[in-house]
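S.K.: As given, the protein sequences belong to chains A and B, one line each in that order. Letter by letter, the first sequence follows residues 1 to 444 of my numbering. Letter by letter, the second sequence follows residues 1 to 311 of my numbering.
Heads up, some of the hints might be wrong.
Only pairs whose alpha carbons sit at most 27 Å apart, straight line, appear in this in silico DSSO-like list of lysine-lysine [said to hold, decoys possible]: (1) K78(B) <-> K232(A); (2) K78(B) <-> K238(A); (3) K429(A) <-> K78(B); (4) K244(A) <-> K232(A); (5) K250(A) <-> K238(A); (6) K244(A) <-> K198(A); (7) K180(A) <-> K162(A); (8) K251(A) <-> K238(A); (9) K429(A) <-> K232(A).
No wet-lab data here; the hints were simulated from the structure.
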Amino acid sequence: MSTKFTRRRFLATTAATTAVLAMPHVSHSQAGGKLSLGFWDHWVPGANNATTALINEWAAKEKVEVSIDYIPSQGNKNLMVIAAEAQARSGHDVLAFPTWEPQAHVERLEPVDDIMGPLIAQNGDVNDTVKYLGRANNKWIAVPATVGSQIKGPCSRIDLLKQHAGINIQELYPAGAAPKADGWTLEVFLKAAEACHKAGFPFGIGLGTTSDSVDSAGAFFHANGAQLVNAKGEIVVKSDAVRKSLDFYKKLAQFMPTDVPAWDDASNNKWLVSGKGAMVMNPPSAWAVAKRDAPQIAEQLWTHGFPSGPNGRYAPFLPYFWGIWSFSKNKTAAKSLLVHLSQRASAEKMVAASAGYDLPSFSKLTDFKTWSEEGPPKGTLYHYPNPHNHHTLSIAAAPAPPKIAQQIYAQGVQTKMIVRHMQGEAMEKTLAWAESEVEGFMRT
Amino acid sequence: MVDATMPQSRAATPAVKRGGFHKAMQRRSTIAFLMASPLIVLIALLVVYPAGYAMYLAMLNKSMQRFVGFGNFLFLFKRDTFWLVVWQSCVFAITAVAFKALIGFIVAHFVHNIPNAKQRKWRGMLLIPWVIPPAMSTLAWLWLFDPSYSAFNWLLSFVGIGPIPWTGDANWARFSVILVNIWVGAPFFMIMYLAALKSVPEQLYEAAAIDGASWWQRIWYVTLPMMRNIIAITTLFSLIVTFANFDIVQILTAGGPIDRTHVFATWAFRLGIQSSDIPLGASVSLFMFPILGIAAIFILRDINRRGNESA
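With the rest of the complex left out, here is chain B (with noise of 0.2 Å):
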């Protein structure tokens, strides 16, 4: 944003001198910064401040009446269940991520195709999964999956297939939460890339098309490298989203069975408020803020590069 004085204050008072606190107060990225202060200290008081009570729980010791540094943080170390759960979070995180950058990619462009007319329609069913708030829309699978009366299991049936043990088996148990992840984050890859698309202009794909380029061409060429920054961000956010899942792994399994489907955030509930252990159950939670961090740095470094290229 350039800083700029307000020209009509400047044309009314020309004789007289202004001091400093004045000036400051008429340049139109203080007002911006008064106007968003109410929003500023409002973020702070629910992400900085928890964040901070946050880590200072995770330097407690298991009864909070100790100061112990990083201890917890050492002991989660040497847990085998610890390394579990990293591994299951990346696991859920990048597969669920992947299915749904591509099978968001692959509707926006259906929708896209679809005329103008009929695609508002097409685009509030498909996000009909996104809106639904999970907890609700997960009670339903929970029901499908059901170990005794699955609906999937009574279908498969017909057909001389199962009864599939949907969230009694370990992977049958991360292909379900991953299933459940993948319908609710979809659509908003699809809105996302949908949005993105309108945006590509329709010249470039005539002189494609001039050009002789094949569909495969015009995606690898034109849609695709118009797209990148949306699609960094948008797998960037949801990667933080879905790394952080919590509603639909712990209604569906509990990250049962035998832990095989904990991810960090069902793992730092488990430890921290049923176990009674709060610090440790912080310390693991805060166990994905370096790894997203690091994701974002790269992420968004890509993304500022490319901008720069372009200016």
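If we strip away everything but chain A, and leave its shape as in the complex, we get (with noise of 0.2 Å):
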């Protein structure tokens, strides 16, 4: 296919000024030929509108024709046409990515480094976790989207914690201030889960194999140092910080539902809207189903930051990417809509569309009215965003080299690691299967 998006024109748009960035395009007469897209399919319903109006806006203006496929993750379809694409060396030129995907297809994406450059210039700089994503060879290979992003935090019950574990939330994470948080803790947290349990309110926290769980459990092991395989490759899992998140969540199980091994991403909502539980780990969508389903338990929901433990204080951050495929056929036309969804209005609407759920990657794009305004009760997703970088956003197997960290990631190594200490098994045992799962993964 033939473009006449050309070179000189892309560079038009993209110079790597702020100026430029604001107002990228230069309108012209001649086509710009065609872009295909598949996004993924929000599950915040009118959320696609959002996007689909920014795209067509940009489309219009720069008079390409563009054809949008929003694809579920559901059953991971997305995974699949990912998969597909790849082996296939054809398909959309612009895919959103999950979380592990631009480093699982490395080597077939376009880097972006001439984009990137400019939007961090102007957006602000992205986090640690973005970069480890997002970056490979010293380039960037996808560009962080909006749509998709989320952190998954303690979501809680106001009136739960003040009950039975004496803890005021809100003044913990006032909405529209810094967060007064010191005192929230490891040790903390557990006494609160031990006082909520007995009054018959657990903490909802899976421990199943899908992202809910194996977030949460990331995060526990990141704030006590833990990791099983370190930056350089090695294998590190007969650690004592190891041990230490193991005995952790053995005391925390005790205080949670016995049945939170099989728990799914689904489950953790349930809880939640089911009026037992004082506390779940997820993006705001559990409180929006909340909102529609139980308004009564909604108003009390409270979206706040994890725990510290003697590694500091983290949360699970899964950016989503937009990556574009090495073989697409019109990259100058999808690096300036890349731009274009990038710029500080287009992520204020998605957020808007979203409820709040979607989470721009930029540090100056955290302070939307959205998340100061969305109730009730107002302000529950001030903090959602984490304005005052008052944890370190992270994800679980980090930091371990992107492709092994994956696997550890997606087989729940780490929760699999909780379950069979919890259910008896000797540390070292377990500490042993996890050492041979991770030595697995070693294989290039």
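Given two chains presented individually in distinct reference frames, assemble the corresponding complex, making use of the accompanying hints.
M.R.: As structure tokens, then:
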């Protein structure tokens, strides 16, 4: 396919200045070619409309013929599309890549340094997790997407924590102000879990192998400084930090529902809405479901930060990325579109459309009105985008080399370790099992 | 099939000497082959090509840039989880097929003994589990087995039993996935066995009755020998489908807890798609091929042998 979207024109649209980024395109009467997009099918009703409107706005201005497919992540359909297109070396020009997928397909992705540099200059730096997942061989391989990116922090019942654990979570994490949560530690968390359990309202933290469970376990491991494989690719499973994490979880598990090893990503949402639970680890979708199905529960929900451990305070961050296949036939138009979607105004529209669920990865884009104003209760989402950098955004299995970390994450090695140990397997046997599993992931 | 030339053609052109090609084109077998060829091409494209491609993928390294021969298979032999999956796949498939065959056999007899006018209604109702797409019906089972709000547990609570961790405990989870597989697959056995029962000549039963055969003797000496081939073929077919099952396990337990319900297909998916190790995923899925191949050889050889004996 020939394209008249020239290199000169593209450079004009993505020059390394904020001014150019803010007004990136010069309209021509000539057509800019075709662009095929495969984006994530958002589970917030109507959220896709904001993306479609932004793309159409850009396409009309640039005279590019655009087709959009919204691909669901339900049943891993998006992963299958990505794998199929990678094998066929054909398909969409731009795809939405979930967390680990850019690293999995690094050889087949178009580097995007030319647009990421200016975007960072304009929107602020991105956190280390985004760099860890979005860069390879000192190059940006994908652009962090607003749509689909999320933090899975605690979402607690204000009333139950106050009544049974004596914790005023709104005081620790006040709306519109920096957290006052120095005392919010792993020990306090454990005591709160015990108190709520005794009162009949256990914390609901899954221990399955789906991402909600794995992410929570990862954040607690990080808080203890526990790694399975270090950044150099060395196996470090048998460490005191890992032992400490397993012991912590063994204690925590006795205060949780007995069926948490079978939980999937829907389980914690159901737990919260049922009114049985005092806390879950989730992005605001759980709160949004409660707002729809059980408003009296939603009014008592507060999204806030993780407890801190000896190694600091961590929160699981799962960025989505927009990537351009190296076999795309219209890379210049693709890059131009991604610049357009990464503008502050675009990100703000996406965040509003998703009721605050979507998160831009750039540091200057964490202060949108949506997070301050969404409710009830008003301000419940204020701390969701980590506006005060109160916790380190991390991902389970990091800092292992990404291709090894992806295996650890996808196979839920950390949650399996926890379940084995909490079900009575000796600590050293669990560590030996994990070591053997991780050794298998070293295969190149 | 017997090769035969068309008599009309021969009669129409008795004096003309035809070439080999023309003769070949007039054979029924040639015409049959030509008519079937689109289907053969379709099967080649949809089955042979993907199978060959899977074999090719299984011989690449993790990043699919280097040929490693049987390296992936040798690697799997050293993994404990692989042997766990082999064992679980065998337990899953053999248990499920055995129960499907037994239940299918029993239900087929019940339906066979229902008066003809009412049989159609019963057949239709009993086929429902098999007709509904398994992915959909398994979602309903997922709700029934839900860890926290199980409908089964709710019912059991009235008689003081439970709560049972249907998908949270390894043994209960295995029981659950096998139960759903039996529920979905038993009607297939029922309908195949019912067709076989209808083809058993009534005179054989009459002769057995005259000889004073008991109910059990009629089953053992008349029904079962007459149904053996159908039983073997149905079992083979079901074994292949059950071994390759994906949807039920994936929806119900996704292989958990702690890998205790993974079968070949779900583990291949976990490795190949979710962990982005396509060559290893392809290797796992190909492991079903030799196991099923051996089963097919034994069962089909048995059928052939009996066919020759009866000829």
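S.K.: Hint by hint, note whether the structure agrees.
M.R.: Hint check:
Note on K78(B) and K232(A): the hinted pairing holds, with a Cα-Cα distance of about 25 Å set against a maximum of 27 Å. Proposed proximity of K78(B) and K238(A) is supported: the alpha carbons are some 21 Å apart, at most 27 Å. Straight-line distance between C-alpha atoms of K429(A) and K78(B) comes to about 18 Å, which keeps the hinted pair within the 27 Å bound. Between K244(A) and K232(A) the alpha-carbon distance is near 22 Å, which keeps this suggested pair within the 27 Å criterion.
In summary, the hint linking K250(A) to K238(A) is supported, as the alpha carbons are separated by about 17 Å, within the 27 Å threshold. Straight-line distance between C-alpha atoms of K244(A) and K198(A) comes to about 24 Å, which keeps the hinted pair within the 27 Å bound. This hinted pair checks out: K180(A) and K162(A) have alpha carbons roughly 16 Å apart, not beyond 27 Å. At most 27 Å may separate the alpha-carbon atoms for a hinted pair to count; K251(A) and K238(A) meet this at roughly 20 Å.
Restraint check for K429(A) and K232(A): the C-alpha separation of about 25 Å stays at or below 27 Å, so the hint holds.
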